[in-house]
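Participant: Below, each chain spelled out in residue letters.
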Amino acid sequence: MALDKAFKEIPGTIVFDAEQARKGYWLNQFCMSLMKAENRARFKADERAYLDGWKLTEEQKQAVVDRDLNRMMELGGNIYFLSKIGATDGKSFQQMAGSMTGMSEEDYRAMMLAGGRRIDGNRRIGEDGDAQRPRKD
Amino acid sequence: MARIVGGLATSHIPAIGGAIAKGLQKEPYWKPFFDGFDPAREWLARERPDAVVVFYNDHGLNFFLDKMPTFAVGAAPEYRNDDEGWGIPTLPPFKGIPELSWAVIDHLVAKDFDIVTCQEMLVDHAFTVPLKLFWPDDDAPPAVPVCINTVQFPLPSAKRCWAMGKAVGEAIAAWDEDMKVVTIGSGGLSHQLEGQRAGFINKPFDLEFLRSMVDDPEWATQFSILELVEKTGTQGVELLNWLAARAASPGRMRRVCQNYHIPISNTAAATLVLEAA
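Quick mapping for you: the protein sequence lines, in order, are chains H and L.
Residues in the first sequence are numbered from 163 upward in steps of one, following our numbering.
Residues in the second sequence are numbered from 11 upward in steps of one, following our numbering.
Source of the hints: derived by calculation from the structure; they are not laboratory data.
Among the clues, some could well be false.
[Unchecked claim] Partner residues are not named here, just some residues of chain L that face chain H (Cβ under 8 Å, in silico):
(1) 70
(2) 94
(3) 97
(4) 99
(5) 204
(6) 207
(7) 208
(8) 209
(9) 211
(10) 232
(11) 236
[Stated by the list, open to error] Restraint ranges, calculated between C-beta atoms of paired labels, are given here:
(12) 100(L) <-> 252(H): 43 to 51 Å
(13) 227(H) <-> 130(L): 30 to 38 Å
(14) 266(H) <-> 35(L): 28 to 36 Å
(15) 277(H) <-> 286(L): 28 to 36 Å
(16) 13(L) <-> 252(H): 41 to 49 Å
[To be verified] Okay, derived cross-link-like pairs now, DSS-like style, lysine-lysine, Cα gap no bigger than 25 Å in a straight line:
(17) 185(H) <-> 77(L)
(18) 169(L) <-> 77(L)
(19) 32(L) <-> 253(H)
(20) 198(H) <-> 142(L)
(21) 170(H) <-> 213(L)
(22) 253(H) <-> 41(L)
(23) 36(L) <-> 142(L)
(24) 121(L) <-> 253(H)
(25) 170(H) <-> 169(L)
(26) 253(H) <-> 142(L)
(27) 176(L) <-> 105(L)
(28) 253(H) <-> 223(H)
(29) 185(H) <-> 170(H)
(30) 190(L) <-> 198(H)
(31) 77(L) <-> 198(H)
(32) 198(H) <-> 185(H)
(33) 142(L) <-> 190(L)
(34) 217(H) <-> 77(L)
(35) 190(L) <-> 176(L)
(36) 198(H) <-> 170(H)
(37) 253(H) <-> 198(H)
(38) 41(L) <-> 213(L)
Using N, Cα and C, we set each Cβ at its ideal position, and we do this for glycine too.
Could you put the whole structure together from the sequences, leaning on the hints where they help?
Facilitator: What follows is the structure, encoded as structure tokens:
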């Protein structure tokens, strides 16, 4: 049975379905290893060497080194698990989420304090909402 | 016979655990959220429930992608927290109540729910934060954790979560102990943590959902999971935990208190206490 990809109609969103979960299995495993203090220390001491200990693709490793969360999401990362990288870097969840939007940290924070990203235009691809800029696909 | 005296629900953002650890409850950013718990705690002090059933979603601490049950029920004498990497102190263990756990497990399986049972189970912030919010003095009654997969798709439908919660309620009502039980739904409300759409909040939907919890609690079961993602954000689907907790006493309930505040971190934070009508 074909996977239901109807979520591709929702802008600026990657749903963590079977395809993503398979692609990102080891990327997410690596992330979860950072829940342990000694692993956080080893990763910080030599990121590349620590990453080489995991079955990540080269693209995934590069995305981690670049701290490119949107790319990590495309390559199968799940934000719940990717957040362990941000926590290792001392970043808040708001800083992490904001970094994926193309907005500055200040602008994102201000948007949240003002009630969050608006609904109109951000439900479906092709509408004119702010979640559809910049589009990568 | 045991009876359900209340249905509680609240958001479980990890930063709340950090704010509690640092004592920031009265800071301007946090006060509007934490103040919402005063009437809830007064009600709990009056009712003094003997047990709590917590519907929540684990974020990888106990169930990672290697083993991901759709529904899992804890049956342990105690539940340990562990380092989730946030730099927040690990909490002391929470007491379990295996007799009630097994009553729930027996009934769920009899009702054709193919659950996973756990005699050992780590509990993450989605379990610990609500208990710390409702019982800040660490005097929460013994708990039964019921874990719903809201992480790796396919997720159980809203209808299925409702049916599961309803069966848990039947198990509690049939349990041959004179005990007062409350249920907790953990998570939500609308939020999206990733992608260009991060920060998505749907206040009209959230308010309608909160309204429905009182007298039309099956309202949200009309939506598919993808419709819920579209309407409430990728992580807003945690409202499945609220639905299951509410379904445990599916009749009319009275609202004791409600709080809705935007934002805590990226999330529309909400707290709700309902009591048996």
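Participant: A separate judgement is required for each hint: does it hold in the structure or not?
Facilitator: Results for each hint:
no. : hint                          : result
1   : 70                            : holds (5 Å)
2   : 94                            : holds (6 Å)
3   : 97                            : holds (7 Å)
4   : 99                            : violated (12 Å)
5   : 204                           : holds (4 Å)
6   : 207                           : holds (3 Å)
7   : 208                           : holds (4 Å)
8   : 209                           : holds (4 Å)
9   : 211                           : holds (3 Å)
10  : 232                           : violated (17 Å)
11  : 236                           : holds (5 Å)
12  : 100(L) <-> 252(H): 43 to 51 Å : violated (19 Å)
13  : 227(H) <-> 130(L): 30 to 38 Å : holds (36 Å)
14  : 266(H) <-> 35(L): 28 to 36 Å  : holds (29 Å)
15  : 277(H) <-> 286(L): 28 to 36 Å : holds (34 Å)
16  : 13(L) <-> 252(H): 41 to 49 Å  : holds (47 Å)
17  : 185(H) <-> 77(L)              : holds (16 Å)
18  : 169(L) <-> 77(L)              : holds (23 Å)
19  : 32(L) <-> 253(H)              : holds (17 Å)
20  : 198(H) <-> 142(L)             : holds (23 Å)
21  : 170(H) <-> 213(L)             : holds (23 Å)
22  : 253(H) <-> 41(L)              : holds (22 Å)
23  : 36(L) <-> 142(L)              : holds (16 Å)
24  : 121(L) <-> 253(H)             : violated (45 Å)
25  : 170(H) <-> 169(L)             : holds (23 Å)
26  : 253(H) <-> 142(L)             : holds (24 Å)
27  : 176(L) <-> 105(L)             : holds (24 Å)
28  : 253(H) <-> 223(H)             : holds (19 Å)
29  : 185(H) <-> 170(H)             : holds (17 Å)
30  : 190(L) <-> 198(H)             : violated (38 Å)
31  : 77(L) <-> 198(H)              : holds (20 Å)
32  : 198(H) <-> 185(H)             : holds (24 Å)
33  : 142(L) <-> 190(L)             : holds (19 Å)
34  : 217(H) <-> 77(L)              : holds (19 Å)
35  : 190(L) <-> 176(L)             : holds (17 Å)
36  : 198(H) <-> 170(H)             : violated (35 Å)
37  : 253(H) <-> 198(H)             : holds (17 Å)
38  : 41(L) <-> 213(L)              : holds (20 Å)
Hints 4, 10, 12, 24, 30 and 36, counting from the list given before, are not met by this structure.
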